[in-house]
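Chains as they are written, first to last, in this note's numbering: chain R, -11 to 244; chain C, 75 to 375.
Quick caveat, the hints were computed from the structure, so don't treat them as lab data.
Every residue gets a Cβ at the ideal spot worked out from N, C-alpha and C, and that includes glycine.
There could be a bad hint or two in this list.
To be verified - Restraint-style ranges between C-beta atoms, simulated for each label pair:
1. R/Ala114 with C/Leu353: 52 to 62 Å
2. R/Ser130 with C/His356: 42 to 52 Å
3. C/His356 with R/Ala114: 18 to 28 Å
4. R/Arg77 with C/Ser256: 23 to 33 Å
5. R/Arg77 with C/Thr195: 43 to 53 Å
6. R/His197 with C/Ser256: 56 to 66 Å
7. C/Tyr222 with R/Arg77: 44 to 54 Å
8. R/Val63 with C/Thr195: 46 to 56 Å
9. C/Leu197 with R/Glu56: 51 to 61 Å
What the hints assert, rightly or not - Derived pair list, reagent style DSBU-like, types lysine-lysine, alpha-carbon separation capped at 35 Å:
10. C/Lys359 with R/Lys159
11. C/Lys359 with C/Lys301
12. R/Lys19 with R/Lys244
13. C/Lys301 with R/Lys73
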Amino acid sequence: MNTPPMVVAVNVHKYFGSLCALKDISIDVAKGEVLCVIGPSGSGKSTFLRCINQLEKTDRGAIWIDGELAGFRRVGDALYELNDKEIARQRISIGMVFQRFNLFGHMTALENITEGPVTAQKRPRAEAVEEALALLNRVGLSAKRDAYPAQLSGGQQQRVAIARALAMRPKLMLFDEPTSALDPELVGEVLAAMRDLARSGMTMIVVTHELGFAREVASRVVFMDEGAVVESGSPREILVRPQHPRTRDFIAAVLK
Amino acid sequence: MMPNSRSTDSRPDPRRPEFSIAHLRHVPRRFYRRWAAAGLILAVFGFVAHAFATGQIEWDVVAKFFTATAIMEGLVNTVIMTVLAMILGIFLGVVFAIMFMSPNPVLKTVACFYIWFFRGTPLLLQLLLWFNLALVFPMIGIPGLFEYRTVAVITPFMATLLGLGINQGAYTAEVVRSGILSVDIGQTEAAKAIGMTRLTTLRRIVLPQAMRVIIPPVGNEVISMVKLTSMASVIQYAEILRNAQSIYYANARVIELLIVAALWYLIVVTALSVGQYFLEKHFAKGVGGARNRPRPVERSL
Ligand SMILES: Nc1ncnc2c1ncn2[C@@H]1O[C@H](COP(=O)(O)OP(=O)(O)OP(=O)(O)O)[C@@H](O)[C@H]1O
Ligand SMILES: [Mg+2]
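Put together the whole structure using the sequences plus the hints.
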């Protein structure tokens, strides 16, 4: 294979005090792949995503993003921890969408989207604004460019948050239960934006309870429980014919 | 007794006499006790006003000195000191709040010590310490490069500015810290996720939103700073109270000059309160409006 995978996680462990939140996670995500992560509450799905863009430090194991070691520089056999600035630079190429949107409350929709390109990437403002308007259009919110987050519905906020992440021109997008804080009738509009993104060839890791979405869009599904990967495979293998009883119980519980 | 409706929907039957209300009259609540309280307060107020009007106060002396040169100079010095000491205080407050919350243990310890020391000793004592710094260090500067005689550098103005500003910084640091804590952690994470460094996140995302929480107490502190400047009269800084005092040492019109100073303090504080209203309005951007903001008049009470 000549193109390296977008994400390679090897033996990743994460502890919170004595609690082992991630136990020996090893996952590859190829370029253009959409990986859906499912699992019960507290199984470590968010923690895994947060380790990928270093909102949490891994305690053991390592993660490579597009061939680059995340959070460390390797010199010979030594791993040197990166500083704040270098970590910030690595995060630029990874977009993240949060369960609770986390739009910047003091900025309009447009300012939320241009903030990253202008402040973190130092791109010219005019160019950033032009691109932001195109992104707002893409998520169907051109009319809301000057609205503050408090004036937007949950679904609209989440679509702005997706646009904000895309404005950084990321090569990888992480979604942490992007629809579970939404009223049921708003879920569709956000999933539509994500489906659109998946079709455009973006590499995505999506933590979700929307099994329908996973089945339709995912190239692969991972089931996690108690900090470990229980099984992974095609959506059909995991969602329709799960091998492991824990997976079966979980899917039955979600579908009920 | 509740009427017992037997119809299938539970609405009361409008034909029954106890539910016909068209002929009833609304009588607004009467606030007898409010009226009584207002009357009593008016009476007390009238009594006090009468006492002052007929007491041993020469109001024309008040009027004469209200705009006297020494009073005006004192007023200007008071306002200048308030502004400069607050600027220094807010600057130090932000710096030390950030240091206090830094993951670096050295910075954190320094900030801790600063807040502990300057909040733990009386302001008057700090002013006296700064003013008498020459007793400890006759010369200040970097030996060999430049050196000055301390008495020449630490004028009453400098001593007051350092004393008030550094003391204020210790309080403002706590206010800024609580403002920073009031901003949801999700904001910081979102900022990191788009590649901002820790300091950029503070400057662009956290502090602007913390301002909403920081400004009301800082406004409060500006107002108390106006009055705290009067303490500098003990170290010979020519602020309004000290100048009023030097006038009454000469002419013995003690009460009249104190009234002049009091009136000026009230005027300055009222003007500042109006300014605070507009500042709060500015930083309430993006958060639903004017709900919890007192109007300027309420504010100055
Ligand atoms: N900052 C933290 N400090 C301590 N424990 C934590 C922290 N973050 C997560 N945990 C613990 O780690 C475990 C995994 O949490 P995580 O948030 O990754 O679960 P999750 O699979 O995302 O669950 P959910 O579906 O509810 O979001 C949980 O037991 C949680 O309590
Ligand atoms: Mg989670």
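Hints, one by one, checked against the model:
1. R/Ala114 with C/Leu353: 52 to 62 Å: 31 Å, violated
2. R/Ser130 with C/His356: 42 to 52 Å: 28 Å, violated
3. C/His356 with R/Ala114: 18 to 28 Å: 26 Å Cβ-Cβ, so the 18 to 28 Å window holds.
4. R/Arg77 with C/Ser256: 23 to 33 Å: 29 Å, holds
5. R/Arg77 with C/Thr195: 43 to 53 Å: 45 Å, holds
6. R/His197 with C/Ser256: 56 to 66 Å: 31 Å, violated
7. C/Tyr222 with R/Arg77: 44 to 54 Å: About 45 Å separates the Cβ atoms of C/Tyr222 and R/Arg77, which means 44 to 54 Å holds.
8. R/Val63 with C/Thr195: 46 to 56 Å: Given range 46 to 56 Å: holds, Cβ gap about 50 Å.
9. C/Leu197 with R/Glu56: 51 to 61 Å: 54 Å, holds
10. C/Lys359 with R/Lys159: Holds - the C-alpha atoms of R/Lys159 and C/Lys359 are around 33 Å apart, at most 35 Å.
11. C/Lys359 with C/Lys301: Roughly 31 Å between the alpha carbons, so the hint for C/Lys359 and C/Lys301 holds.
12. R/Lys19 with R/Lys244: 34 Å, holds
13. C/Lys301 with R/Lys73: Violated - the C-alpha atoms of R/Lys73 and C/Lys301 are around 44 Å apart, more than 35 Å.
Hints 1, 2, 6 and 13 from the list above are not met by this structure, while the remaining hints are.
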